[in-house]
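With the hints as constraints, model all of the structure from the sequences given.
4 protein chains.
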Amino acid sequence: MSEEDRDLYERSGFRGRLTPGARPAVLVVDFSCGFTDEACPLGSDMTAEVEKTRTLLDRARDKGIPILFTSIAYEGSLKDGGVWLQKVPTLGELKVGSRWVEIDPRLGRRDEEVVIYKRGASAFFGTHLASQLAAEKVDTVIVTSATTSGCIRASVVDSLQCGYPTFVVRECVADRARGPHEANLFDMDSKYAEVVGLEEVVAYVDGLVAPAMTAAST
Amino acid sequence: MSEEDRDLYERSGFRGRLTPGARPAVLVVDFSCGFTDEACPLGSDMTAEVEKTRTLLDRARDKGIPILFTSIAYEGSLKDGGVWLQKVPTLGELKVGSRWVEIDPRLGRRDEEVVIYKRGASAFFGTHLASQLAAEKVDTVIVTSATTSGCIRASVVDSLQCGYPTFVVRECVADRARGPHEANLFDMDSKYAEVVGLEEVVAYVDGLVAPAMTAAST
Amino acid sequence: MSEEDRDLYERSGFRGRLTPGARPAVLVVDFSCGFTDEACPLGSDMTAEVEKTRTLLDRARDKGIPILFTSIAYEGSLKDGGVWLQKVPTLGELKVGSRWVEIDPRLGRRDEEVVIYKRGASAFFGTHLASQLAAEKVDTVIVTSATTSGCIRASVVDSLQCGYPTFVVRECVADRARGPHEANLFDMDSKYAEVVGLEEVVAYVDGLVAPAMTAAST
Amino acid sequence: MSEEDRDLYERSGFRGRLTPGARPAVLVVDFSCGFTDEACPLGSDMTAEVEKTRTLLDRARDKGIPILFTSIAYEGSLKDGGVWLQKVPTLGELKVGSRWVEIDPRLGRRDEEVVIYKRGASAFFGTHLASQLAAEKVDTVIVTSATTSGCIRASVVDSLQCGYPTFVVRECVADRARGPHEANLFDMDSKYAEVVGLEEVVAYVDGLVAPAMTAAST
Numbered sequence: 000m001s002e003e004d005r006d007l008y009e010r011s012g013f014r015g016r017l018t019p020g021a022r023p024a025v026l027v028v029d030f031s032c033g034f035t036d037e038a039c040p041l042g043s044d045m046t047a048e049v050e051k052t053r054t055l056l057d058r059a060r061d062k063g064i065p066i067l068f069t070s071i072a073y074e075g076s077l078k079d080g081g082v083w084l085q086k087v088p089t090l091g092e093l094k095v096g097s098r099w100v101e102i103d104p105r106l107g108r109r110d111e112e113v114v115i116y117k118r119g120a121s122a123f124f125g126t127h128l129a130s131q132l133a134a135e136k137v138d139t140v141i142v143t144s145a146t147t148s149g150c151i152r153a154s155v156v157d158s159l160q161c162g163y164p165t166f167v168v169r170e171c172v173a174d175r176a177r178g179p180h181e182a183n184l185f186d187m188d189s190k191y192a193e194v195v196g197l198e199e200v201v202a203y204v205d206g207l208v209a210p211a212m213t214a215a216s217t
Numbered sequence: 000m001s002e003e004d005r006d007l008y009e010r011s012g013f014r015g016r017l018t019p020g021a022r023p024a025v026l027v028v029d030f031s032c033g034f035t036d037e038a039c040p041l042g043s044d045m046t047a048e049v050e051k052t053r054t055l056l057d058r059a060r061d062k063g064i065p066i067l068f069t070s071i072a073y074e075g076s077l078k079d080g081g082v083w084l085q086k087v088p089t090l091g092e093l094k095v096g097s098r099w100v101e102i103d104p105r106l107g108r109r110d111e112e113v114v115i116y117k118r119g120a121s122a123f124f125g126t127h128l129a130s131q132l133a134a135e136k137v138d139t140v141i142v143t144s145a146t147t148s149g150c151i152r153a154s155v156v157d158s159l160q161c162g163y164p165t166f167v168v169r170e171c172v173a174d175r176a177r178g179p180h181e182a183n184l185f186d187m188d189s190k191y192a193e194v195v196g197l198e199e200v201v202a203y204v205d206g207l208v209a210p211a212m213t214a215a216s217t
Numbered sequence: 000m001s002e003e004d005r006d007l008y009e010r011s012g013f014r015g016r017l018t019p020g021a022r023p024a025v026l027v028v029d030f031s032c033g034f035t036d037e038a039c040p041l042g043s044d045m046t047a048e049v050e051k052t053r054t055l056l057d058r059a060r061d062k063g064i065p066i067l068f069t070s071i072a073y074e075g076s077l078k079d080g081g082v083w084l085q086k087v088p089t090l091g092e093l094k095v096g097s098r099w100v101e102i103d104p105r106l107g108r109r110d111e112e113v114v115i116y117k118r119g120a121s122a123f124f125g126t127h128l129a130s131q132l133a134a135e136k137v138d139t140v141i142v143t144s145a146t147t148s149g150c151i152r153a154s155v156v157d158s159l160q161c162g163y164p165t166f167v168v169r170e171c172v173a174d175r176a177r178g179p180h181e182a183n184l185f186d187m188d189s190k191y192a193e194v195v196g197l198e199e200v201v202a203y204v205d206g207l208v209a210p211a212m213t214a215a216s217t
Numbered sequence: 000m001s002e003e004d005r006d007l008y009e010r011s012g013f014r015g016r017l018t019p020g021a022r023p024a025v026l027v028v029d030f031s032c033g034f035t036d037e038a039c040p041l042g043s044d045m046t047a048e049v050e051k052t053r054t055l056l057d058r059a060r061d062k063g064i065p066i067l068f069t070s071i072a073y074e075g076s077l078k079d080g081g082v083w084l085q086k087v088p089t090l091g092e093l094k095v096g097s098r099w100v101e102i103d104p105r106l107g108r109r110d111e112e113v114v115i116y117k118r119g120a121s122a123f124f125g126t127h128l129a130s131q132l133a134a135e136k137v138d139t140v141i142v143t144s145a146t147t148s149g150c151i152r153a154s155v156v157d158s159l160q161c162g163y164p165t166f167v168v169r170e171c172v173a174d175r176a177r178g179p180h181e182a183n184l185f186d187m188d189s190k191y192a193e194v195v196g197l198e199e200v201v202a203y204v205d206g207l208v209a210p211a212m213t214a215a216s217t
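Protein sequence lines correspond, in order, to chains L, P, X and V. Note that numbering that gives the first Met the number 0 has the first sequence beginning at 0, numbered continuously upward. Note that numbering that gives the first Met the number 0 has the second sequence beginning at 0, numbered continuously upward. Note that numbering that gives the first Met the number 0 has the third sequence beginning at 0, numbered continuously upward. Note that numbering that gives the first Met the number 0 has the fourth sequence beginning at 0, numbered continuously upward.
The hints are simulated quantities; they were obtained by calculation from the structure and are not laboratory data. All values derive from a computational prediction rather than experimental measurement. One thing to keep in mind: the hints can contain errors.
[As the list claims (entries may be wrong)] One side only, chain V facing chain L, incomplete, derived with CB under 7 Å:
no., residue
1, Tyr-8
2, Ser-130
3, Ala-133
4, Ala-134
5, Lys-136
6, Asp-138
7, Gly-162
Ideal Cβ placement from N, Cα and C applies to all residues, glycine included.
As structure tokens, then:
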């Protein structure tokens with residue numbers, strides 16, 4: 000970004016700071032095999048980010064923090080694919096019942112961790128995610144996974160719009176291409192969320208009082 | 000974008016093509032004075048894009064195509080500003096009743112053209128826009144205005160998710176900074192919409208059958 | 000309803016008339032086995048309404064009109080049941096993979112007919128139904144199934160709010176109890192929809208031009 | 000309701016109990032002059048319910064509990080009236096700037112109490128209400144005002160669907176007609192909310208710890 004653009008952003012008053020609350024949830028967006036396995040046309044090697052996300056999830060599990068997964072999945076007929084399938088036809092690989100819609104097993108998903116199947120980019124759009132967060136009395140959303148320039152960006156904007164201070168974990172979000180990855184981290188950090196390091200997030204999670212957490216998710 | 004990234008996008012199957020329908024609407028996102036007047040901290044000089052948008056609107060008016068405006072506006076107390084105001088405090092300038100929330104007069108808004116006041120980035124989020132489009136039997140959304148890396152991006156993703164083939168008019172969308180402008184046009188064109196030239200859109204609008212249009216908006 | 004109440008309704012200007020369009024969809028709400036089979040605690044004998052709905056569906060299939068089913072379904076953990084499960088614990092019977100969430104086979108669902116799994120009362124709430132209707136260019140919603148005082152009422156209010164003229168087919172909606180059934184038909188007919196007879200709806204469907212229909216659902 | 004129907008409800012497992020949390024909000028639905036003043040075609044005498052609501056609001060104000068108002072309001076052109084205006088043409092009286100959309104002054108609304116202008120029946124549909132509740136960390140919704148068989152019913156169903164234990168205050172909800180009023184209280188109490196007495200709600204509010212409340216609405 001140019002010096003001039005940076006000055007403009009300064010003048011516009013962007014880059015305020017969000018404060019995390021006492022009841023976060025971790026949102027794991029689209030770390031399904033279709034995105035994390037290179038054998039799928041939509042996939043790329045996201046091993047590093049998958050492993051870092053697993054690290055965060057295990058710490059969250061220790062504290063009883065709600066963890067929610069999303070996965071894009073269409074009916075076999077693809078009749079529920081809407082206009083997005085016309086724009087990105089390869090999304091049609093993501094059919095209910097196929098391996099591509101399964102959550103990457105390296106994340107160790109537990110049965111009580113909700114999976115939200117979606118048909119659009121945002122984890123919130125046309126899903127029960129916002130209701131789920133309210134029912135669990137969540138007040139903060141920590142976002143991980145894929146892809147930074149696609150479903151992460153869309154989900155982060157919605158998370159903020161839904162009323163949640165939102166945190167994107169830099170080491171835990173992946174993209175198939177470097178340019179869009181960086182450009183979207185910049186946009187999100189400027190206007191919609193805090194882009195933070197894994198170490199900082201883990202320290203925050205470790206510092207939470209566990210019982211308050213588990214009470215929230217009953 | 001690097002050669003390698005471009006290959007990745009090719010392989011991922013992005014850049015399918017959307018087809019416009021017979022009943023478009025023109026969505027004018029946040030061309031309120033707060034964004035188009037440099038006297039407001041959020042504003043910048045968008046004269047060229049305002050004038051190009053006016054050109055498109057006049058052609059749309061000739062055909063009776065629905066035109067919808069949005070404007071960000073908060074109550075005087077700012078109590079409805081949610082988390083976004085914490086991230087971008089200058090948005091607090093956009094108060095109901097102030098000049099900054101008025102639609103830029105150069106667009107010649109008519110009384111029957113709906114204005115949707117919103118509190119988030121997307122024109123669809125927490126508003127009646129989707130219902131309005133359905134009630135008017137719209138099947139295609141043409142997006143203009145500001146800012147490319149903010150409310151345009153968020154609105155375009157939602158427009159696609161809502162089921163509408165979506166078209167962004169290159170000469171009619173503005174941003175305060177060049178880098179984010181281009182990066183977001185790239186993302187939108189790759190995954191969510193068609194970024195098209197004004198000339199192409201005007202030709203499409205001119206070719207529509209007017210009576211079908213006006214019937215739709217009764 | 001008392002004479003006096005009826006006068007009040009007259010004065011309030013209720014009971015305007017909605018006009019159906021050229022591209023209807025049929026929405027079959029919660030005719031899953033859990034509601035139509037008395038062996039389920041939530042079920043009751045809805046044979047008459049199931050058969051009448053089948054009659055309508057077959058006519059709609061002849062014309063290529065989109066048909067959409069909904070079914071309430073929760074994860075095995077019931078963690079996605081929200082507050083509704085606290086209010087109506089028997090809903091916990093409706094688990095993914097169980098027979099209770101399957102669409103009643105007497106309706107002859109075809110593979111290309113979309114099924115929307117939901118967790119709330121309304122077919123629209125937290126689902127992709129509105130997007131699906133927009134993507135298929137639907138302009139009219141015909142509602143059938145169960146229960147009149149529950150998910151039908153909630154879905155009908157949302158259908159209207161989403162911008163669709165909405166029609167409830169009297170012989171095709173069922174409830175476990177007579178009083179709430181009639182009370183909700185009254186409310187819907189007064190304020191949100193037209194309650195119409197099956198014969199009238201079949202005549203409307205038969206009169207539609209089929210090719211326009213199929214074009215819409217491509 | 001017949002003995003038989005009541006047995007059916009028992010068997011269906013309705014009438015579970017919801018538990019209020021520590022951070023309620025009071026939602027005042029459509030107590031605008033258009034509904035509370037008999038001079039408006041949509042209005043009726045709701046003096047008793049207005050006064051009881053005022054009692055509750057003053058206690059809530061003492062505790063710093065968030066209070067949110069809604070009002071139905073359309074643009075002068077009525078172009079944003081959607082399909083509902085076709086069904087209930089008298090709603091067209093409720094124009095922005097007219098006295099009918101103002102909150103009844105007997106409720107003593109304060110500047111910092113948010114007003115949500117809506118175009119549909121539900122306080123949540125197409126509005127920022129859900130985001131507002133999340134941003135204020137609300138975990139319980141107390142519903143009052145008008146009309147029981149219309150906007151209260153629609154708002155209560157959505158409040159539950161949004162993830163909030165929901166409480167309807169019997170003495171504070173009004174309807175122009177007795178039959179629909181009672182029928183809808185029955186439905187809501189059976190399936191979606193707790194219908195509770197004002198005395199019970201006031202005792203609950205008085206028992207809340209004030210500082211926790213005010214912290215939530217910062």
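Failing hints, ascending? 1
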